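Guided by the hints, dock chain B onto chain A, whose structure is given.
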Amino acid sequence: MLCNSVRELRARFRLTQQELADRVGVTRQTIGLIEKGDYAPSITLTLKISYVFGVPVEEIFRLKGER
Amino acid sequence: MLKQMYQSPLFNSFLILCFGLIMIGEHYPEHVPSWIIIDPMVLGIPILIIIGVIPFYNKRNPHDAVKASIIPMELREEDEGMQWITFKATRKVYIFYAFAIPIGITLTAYLNHITYFPIILFVVMGILQYIIYWTSMHKYK
Chain A
-8 MLCNSVRELR
2 ARFRLTQQEL
12 ADRVGVTRQT
22 IGLIEKGDYA
32 PSITLTLKIS
42 YVFGVPVEEI
52 FRLKGER
Chain B
392 MLKQMYQSPL
402 FNSFLILCFG
412 LIMIGEHYPE
422 HVPSWIIIDP
432 MVLGIPILII
442 IGVIPFYNKR
452 NPHDAVKASI
462 IPMELREEDE
472 GMQWITFKAT
482 RKVYIFYAFA
492 IPIGITLTAY
502 LNHITYFPII
512 LFVVMGILQY
522 IIYWTSMHKY
532 K
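Chain order of the listed sequences is A and B. Throughout the first sequence, residue numbering follows this note's numbering, covering -8 to 58 in sequence. Throughout the second sequence, residue numbering follows this note's numbering, covering 392 to 532 in sequence.
Next comes chain A alone, as it looks inside the complex (with noise of 0.2 Å):
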């Protein structure tokens, strides 16, 4: 299962889920399947998402199980 901390990051950079999706080019109900694990994002979108908070993609995602 793919884990990620994209709510812990948008918490940190105050964004709002909308806002993040605006920025991604997405609709708020995707940010909000990503961040409860149910959908496991494209490569472009993860990579969207990583520009979003300047971080690499390792940083926010990552396997269960995974350090």
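Treat the hints with caution; some may be incorrect.
In silico lysine-lysine, PhoX-like type, Cα no more than 20 Å apart, as pairs [to be verified]:
hint, chain 1, residue 1, chain 2, residue 2
1, A, LYS27, B, LYS479
2, A, LYS39, A, LYS27
3, B, LYS530, B, LYS479
4, B, LYS483, B, LYS394
5, B, LYS532, A, LYS27
6, B, LYS394, A, LYS27
Think of the hints as simulated: they come from the structure by calculation, not from any bench. All of these numbers come straight from a predicted model, not from anything done at the bench.
For chain B alone, kept in the frame of chain A given last:
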């Protein structure tokens, strides 16, 4: 509000139910109780009103207009996340039909004494399709 209503699978399943009842009442009146016989206009007039309102709705909401398309409006395909939800929901509906069609054929053969049974079957399958779709979509909201 109007678009949400169109996109609602529950609205579509209600339309299918009404349409099925009207067809049974129209074509098999001698086989069903009189209270089931519904005048087609009970459904026709609200549908005409809803269709008639679309141009006014589109004028007021040009960025969220209701467009004529063969793709059902309940499919959510705004972005990859929504496409994934639609994929999950339609997959469940496909699995449902894979079982429902052979079962439906068998039931039609065995219950051939009920002349309007195929209509009931279509209505039930149609409603179940929308319920499966709606519950699946609702799960991820």
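Query raised in the report: Which of the listed hints are not met by the structure?
Result: 4 and 6
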